[in-house]
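> Residue numbers (this note's numbering), protein chains in the order written: chain A, 156 to 443; chain B, 21 to 304.
None of these hints come from the bench; they were simulated from the model.
Incorrect hints may have been included.
[What the hints assert, rightly or not] One side only, chain A facing chain B, incomplete, derived with CB under 10 Å: (1) F193; (2) G300; (3) D375.
The C-beta atom is built at its ideal place from N, Cα and C for all residues, glycine as well.
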Amino acid sequence: MTTIDTVNSKHPILKKRVQQTINYTVIIMGAIVMIMPFVWMILSAFKSADEILKMPIQWLPEVWNFINFKRAMEVQPILRQLFNTSLLAVIKIFGEVFVSAAVAFGFARFKFKGKDFLFMLLLATLMLPYEVTMIPTFILWSFLGLTDSYVPLTLPAYFGAPAFIFFLRMYFETFSKDLEESAMIDGASWFAIFWRIFIPIGKPALITIGLWAFMGTWNDLLGQLIYIQSPSKYTVQLGLESFSSLSGETLWGPLMAASTMALLPIIFLLIMAQKYFMEGIKTSGIKG
Amino acid sequence: MKRSRVGFLFILPWLIGLILFTTFPLIAALFIGFTDWNIAGNANWVGFDNYIELFGEDAFWNAMWVTFRYAIVAIPMTTITALVVAIVLAKDMRGAGIFRVIFYMPAVVSGAAVAIIFKWILDANFGLLNGFLELFGINGPDWLGDPSWVFPSYLILALWGAGSGLFIFLAAIKDIPRSLYESAIIDGASVFQQATRITMPLVTPIIFYSLVMGIIGAFRKFTDAFILGGAGDQGEFVMVYLYDLAFADYQMGKATALAWILFMIILTLTVILNVSKKYWVHTE
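Using the sequences plus the hints, can you model the full thing?
Put into structure tokens, the structure is as follows:
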């Protein structure tokens with residue numbers, strides 16, 4: 156044992172204090188680094204063009220003005236794009252949550268031939284290369300004449316999402332067999348058992364999945380970039396992308412205003428629903 | 021209806037989706053990679069020409085180099101960071117809840133907006149980072165505009181996002197029985213020894229998981245790279261290269277060939293990691 160250890164063990168309180176101070180220093184510094192980009196974004200969004208290009212850095216704007224927001228909305232119809240993204244997300248979430256739940260219910264509460272094989276297949280698709288199927292899927296949609304619409308981005312959700320099915324199957328399997336047995340004695344149909352019993356008891360897990368699905372849509376650039384061409388159908392991601400490709404130093408203020416508008420809804424959601432996000436990581440580890 | 025039939029009906033939507041959106045595209049991809057298809061014209065069978073062409077292209081090797089270099093440095097770096105922060109956060113400390121939300125942010129908040137914020141932070145003349153460096157009299161580099169500083173720029177971004185991996189570590193650490201630490205303390209183990217002898221071995225399965233996800237993530241890195249770019253093609257990750265081939269040049273055959281190469285690389289790396297597992301991953 157080293158001398159330092161001996162000394163420390165003689166002064167347990169001192170040791171604990173030192174340790175705690177180190178812990179707090181590490182965590183607080185880390186936390187500052189984590190939120191700094193967002194603070195910088197918001198402050199920049201309210202600064203005048205001169206203040207933005209000032210060196211050394213001027214942290215706070217002298218006058219908090221909304222001119223950058225106004226200019227941002229002149230370049231890109233951000234409110235419209237926020238609406239488009241929300242619409243896309245809602246359509247997609249509905250399918251991903253309820254169809255995944257139905258499939259998970261099938262896997263969790265029934266026995267049928269080939270079930271184990273099919274579930275293995277489902278797990279295999281989880282590891283499947285997205286990039287390999289991306290191009291043929293695009294070709295399929297363009298043959299159907301459905302590119303430049305929300306169909307390719309939403310319709311597949313109505314066939315369930317493997318990761319969510321996997322997660323919900325585990326969740327549904329934890330419940331007692333009595334649930335459906337007693338409902339069957341009362342003459343309930345299987346669909347009623349699913350809809351009236353399993354959907355309500357699955358609510359916390361379904362909310363977690365819904366949040367993930369929402370995040371997935373809100374933050375996805377590649378999929379939207381591939382399928383959407385018309386500016387009127389642009390989502391927040393596409394609006395920001397095309398905005399950022401217009402370079403020039405005077406645009407930083409409006410760009411930060413646009414980014415602020417794009418991020419506020421999702422940050423707000425994280426704070427409101429942190430319990431569900433955290434719960435999901437604990438139980439599954441997926442999307443960690 | 022028989023109970024087993026009902027069960028099958030419930031999983032049917034997924035099965036149809038599997039055929040439509042996975043099996044069919046997969047089979048198609050198998051063929052497309054061997055053709056010179058560019059969507060508009062006819063597809064001609066070209067054998068391994070797409071692969072040969074790719075291997076002869078500087079852009080291909082550049083994209084591979086950019087991606088591998090990033091994977092080799094960023095994955096260990098972010099994994100260690102996530103682990104260290106998780107060990108500290110696992111301690112009972114005041115305000116742990118707030119810190120957790122803050123560190124979890126990059127997992128939830130990503131996409132174009134975050135990339136744009138970093139583009140601004142890394143701005144050579146008026147960015148936050150160089151403004152900060154100037155306080156110490158350091159003249160910061162032109163991060164994304166100077167080819168030799170593009171890679172460090174992406175590492176900064178990776179380090180910022182390391183928090184998203186920290187929560188599975190945190191969950192694993194919280195699962196370790198306290199009695200293990202208590203008996204170690206009685207035996208006189210230091211905090212450092214507790215971390216290396218107890219915590220580390222017990223989180224190796226999570227380290228394994230995080231390495232696999234990291235490899236997949238590096239080969240799928242798109243949004244940041246697409247928005248940030250970088251001088252001298254130093255920000256041209258393979259996924260951006262694939263996107264350009266397929267959706268800017270419409271070289272579907274060649275892009276599909278590239279997709280298969282990426283798949284084989286990811287598969288090989290995952291298999292190697294899996295084989296190595298028995299030497300370093302702790303099992304119950």
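> Give a verdict on every hint.
Taking the hints in turn, this is what the structure says about them:
1. F193: Since chain B brings a Cβ to about 8 Å from A:F193, closer than 10 Å, the hint holds.
2. G300: Violated. Min distance 13 Å.
3. D375: holds, 7 Å
In this structure, the one hint that does not hold is number 2.
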